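Visitor: The chain contents come next:
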Amino acid sequence: MNKLKALPKPVKLAFWVLLAILAYALPILEPPIISTPGVDFGGVLFVVTMYCLIALGLNIVVGYAGLLDLGYVGFYAVGAYTAAILTSFHANWPLLLSLPFAVAATTIAGLILGAPTLRVRGDYLAIVTLGFGEIIRLVAVNTEWLGDRRGISNIARPPSVMTGEDGGVVVGEAEPGLKGIFEIPHLYWGDGTVLVDTEDTTQFLVFGVLDQIPYYWLGLTVVLLVLLADYLIKNSRVGRAWEATREDEDAAELMGVPTFKFKLLAFATGAFIGGLAGALFASRQSFINPDSFLLLFSILFLAAVVVGGQGNRWGVLVGAFLVAYLPQRFRDFDDFRVLVFGAALVALAILRPEGLFPPRRTVRAKQMEHELEVLETGHDDGEEAARV
Amino acid sequence: MEFDYQFLFSNLPELTITGLAFGAIYALIALGYTMVYGVLQLINFAHSEVFMYGTFATLWTVWALTGTGGGVGGIQLLLILLLGLVMAMATSALIALALERVAYRPLIKKDAPRLIALISAIGASFVLAELMGLRDKVTAWVGLDDDLDRYVSGARINQSMASVVNMPDVNIGGLSIKTVDLLVIAAAIAMMVIVDQFVRRSKLGRGIRATAQDQETAALMGVNPTRTIQYTFLIGGLMAGAAAFLYMLKIETTKFDVGFLLGVKAFTAAVLGGIGNLRGALLGGLVLGVAENWGQALFGGEWRHVVAFVLLVVILLFRPTGLLGESLGKARV
Amino acid sequence: MSDATTPILEVQNLTLKFGGLTALDDVSFGIKEGEILGLIGPNGAGKTTCFNAVTGVYRPTSGDIRFQGRSLTGVKRYRITQLGIARTFQNIRLFPSMTALENVLVGADAQHKTGMFSALFRLPRHRAEERDGHERAMELLRFMGIHKRADELAANLSYGDQRRLEIARAMATGPKLICLDEPAAGFNPQEKVQLMELIRKVRDRGFTVLLIEHDMRLVMGVTDRIVVLEFGRLIAEGTPAEIRDNPAVIAAYLGVDEEDAS
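Chains as they are written, first to last, in numbering that gives the first Met the number 0: chain A, 0 to 387; chain B, 0 to 332; chain C, 0 to 261.
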């Protein structure tokens, strides 16, 4: 991390661009070890991006603002159900039109839930949100208008971009006969040889049933956008207000921070992102039912945030990756997945209480001593370099 | 949605009694949450599994001693049940102590962030529940699955001790009331009173309250914090075991994941009454149980859990510290 | 500076009761713009309670507090800060895992308006406020002599630097009145002298200062006027010289003074 920081700006930029390209190419490369035998790799990666998105959203609530939310799946559900109802069950909207409504509905849900509960103390917030998550699910289970137990199917997919029969570009629902504007072959890893497999291709921007890679690309793009937004907001008055509130709410209030307003803002922002993830998830699955929104998922989401190191967006992404990917990768141990996951959580909590990747500042505080010693021997006109 | 006022009002006494019985069980479990929270400010998420192991201890004890079921009665049955209670309490207490030792103490020592302790609790909860849910596979490794077949088969489905105990309904003032319900309510309240008095009057209880208030000062005054925390878990575990036994008397079936919902409800009860407050746990449990049962009668069974959570949210909005406020040291000075 | 005779802050018949306990009983005093007013009294006299009432932490049972002619009753705490009253805490309450600079920036943000939208799209308001905030924060850190530790986490600062950082953070909120709650607590005599110097410099920058302090020598040396509380009642008010000779004050402080002198 420190070495990276020291590099000149263009090099840093190139590094990030390269990393992003690699991320986009991952399902095409199908590298051994990482790729998931037995499960569609693109599908796994799509789920990973959804977890990343959720973890980023929950990190704003838990990591930045310090609000313990045990019912985040509720927002995910609101987003998914809104998209489902608007595109399939009660209307026939295209997905892209339903997305803003899904996100708006979730944000409003966040405001409605947050306005009364953010005044109560933190631990109560945990249980109230937990209750909220369950209520949303149980309402879905018991309401015919929401498809009750059977759920909702035929949820709209994102519009595909295809080459029509006349050679022109067609935008719309994916059709079996139509191909994408171009196709990308996958790699095939033989014994010691790597081949380009022209039989196994992905149609660019065709959101069909079988190939999930385009969904992954869509998910990854959304994650990158949210990541950028997260960075911009964190390094501003808003981010500072969140942190100050987390650190000492009363002191923050007395320093002129309207803490309630900012807590509500964090809650609504988290809800916004959760709803977005829910809507995308529903679209990809094309089918949802209440079992997609069990309380267990809230716990898994929270685990993703805490495992990686709450408050650190990169750590949180790693946490999301681990929580979403590991159970898929090691499907052979299917029965023991939850057991191993639980044991891993305990071990992690005990061995690395700050998370795998705690916020850089926490690490930095510990490194400070060492660095200063080194710097002291040199000149110290820099403002950060000196010590008392 | 149709509201069945008719049914609710014509059966109000029975519904209330059954609700109180559920509530009494919630209250006993809530005790564990509330005490640990009072002392450590930790939501002991795995407490639900402490309860779940108690239900299995009861089930297995009854199975082992009644053979293939039925055919016992009178004093013999009473002894079997008593032994079931003892086994449940012992098992739950052991699990609670093991939990404290493995999942929490290392964190408390390191003064880790509270959220991390919660994650550890969640992890421990998964491990405990899954161990029970995979008991057939685990015993197969050791090669004991044939010998223990009756106990370990069907690891992921409901197991029942129905038809072992058949208590007749009692008739009070024209109302037909289940004996089990009365028994559960009486036993739970008696145990709550004992614990409450113990925490208020005994030396150990003073230690617990002192630690809840200010761990450092309590330690300076000679209260051993580690031991106090252990006792807190022990008492919570014993009560969860008792709750498990009463639950088995009433419901008669259990499953590896039975703890989860009950745990959430019990925690809700604790918060409802004012977390950290022992009497609050009792009140919260009873209120929750009754409200749930009434709600079920009014809106239909599928809304039962929704009623519980809505009640929680509403009460917290108007009384942010629960019905009786927070205590276990702090209040009632 | 406007008319120096109008009080910037008026405490009028302030009474505060907690249950049966009367913490403040009919206390009235005023602070003139540009002065350093000392608020002293033995332990438990109600000094910090008075502070908390002024900064909106407690709501007065009766009486009123007026700041620049405006009643503060019912005004939210963060609003009071934005209106121009800043404070420090008796027990240091920084944001421990934020850097010193960020702590001060939070203070500076009190006068800022950047919201989610401005930040997300890096609108001119965000840029302007960010630049202004950084400049002000660094300037204040320099003023307090801790600019070299700007990027250090607040938790890692020495005790004295943490106290200084609290003052910088309070000043950053752009106050007219700054309330210091025992800023010299835990300081050695030499540090106390430096702090006295500093408090004067704060006043010279145009801030009005309300100072709670235990150390009589410090208070006598730096304040323009002193208000003395005892058991929640105001027992004396005047210049340091007057207070020094006031029999009621001497009576109240007998014993306490010896303790402090050691």
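These are computed hints drawn from the structure, not numbers from a lab. Please read these numbers as outputs of a predicted model, since none were measured by experiment. Note that beta-carbon positions come from the ideal geometry of N, C-alpha and C, so glycine has one too. A few of these clues could be false.
Stated by the list, open to error - Interface residues of chain A toward chain B, partial, derived using beta-carbon atoms under 8 angstroms:
#, residue
1, I107
2, I111
3, P115
4, L117
5, R118
6, V119
7, I126
8, V138
9, E143
10, S285
11, F335
12, A342
13, L344
14, P352
15, L355
To be verified - Which chain C residues stay away from chain A? Per the calculated CB distances, all over 12 angstroms, these:
#, residue
16, E9
17, D25
18, N187
Visitor: Hints first: check each against the structure and report whether it holds.
Guide: Hints, one by one, checked against the model:
Checking A:I107 against chain B: minimum C-beta separation of about 17 angstroms lies over 8 angstroms; hint violated. At its closest, the beta carbon of A:I111 sits 11 angstroms from a beta carbon of chain B; the interface hint therefore is violated under the 8 angstroms criterion. Given the 8 angstroms rule on beta carbons, the hint for A:P115 holds: about 5 angstroms separates it from the nearest Cβ of chain B. The restraint placing A:L117 at the interface with chain B is violated, with a minimum CB-CB distance near 11 angstroms, outside the 8 angstroms limit.
With a least beta-carbon distance of about 7 angstroms to chain B, the hint placing A:R118 at the interface is held under the 8 angstroms criterion. The interface hint given for A:V119 holds, since its Cβ lies 4 angstroms from the closest Cβ of chain B, which is under the 8 angstroms cut-off. The interface hint given for A:I126 holds, since its Cβ lies 5 angstroms from the closest Cβ of chain B, which is under the 8 angstroms cut-off. Interface restraint check for A:V138: the shortest CB-CB distance to chain B comes to about 7 angstroms, inside 8 angstroms, so the restraint holds.
Given hint, A:E143 at the interface with chain B, is violated; its Cβ is 11 angstroms from that chain's nearest Cβ, farther than 8 angstroms. Evaluation of the A:S285 hint against chain B yields a violated restraint, the C-beta minimum of about 26 angstroms exceeding 8 angstroms. With a cut of 8 angstroms, the hint placing A:F335 at the interface with chain B holds, because the nearest CB-to-CB distance is about 7 angstroms. For the restraint placing A:A342 at the interface with chain B, the shortest Cβ-Cβ distance is roughly 5 angstroms, inside the 8 angstroms limit, so the hint holds.
Among the interface hints, the one on A:L344 holds; its C-beta lies about 3 angstroms from the nearest C-beta in chain B, closer than the 8 angstroms criterion. About 4 angstroms separates the beta-carbon of A:P352 from the nearest beta-carbon of chain B, less than 8 angstroms, and the hint is met. A distance limit of 8 angstroms between C-beta atoms decides the matter here; for A:L355 the minimum to chain B is near 12 angstroms, and the interface restraint is violated. The non-interface label for C:E9 is consistent with chain A: the shortest C-beta to C-beta separation is roughly 21 angstroms, beyond 12 angstroms.
Residue-level check passed: C:D25 sits 26 angstroms from the nearest beta carbon of chain A, beyond 12 angstroms. With a least beta-carbon separation of about 15 angstroms from chain A, C:N187 lies farther than 12 angstroms from that chain, consistent with its non-interface assignment.
Checked against the numbered hints given earlier, the structure breaks hints 1, 2, 4, 9, 10 and 15 and satisfies all the rest.
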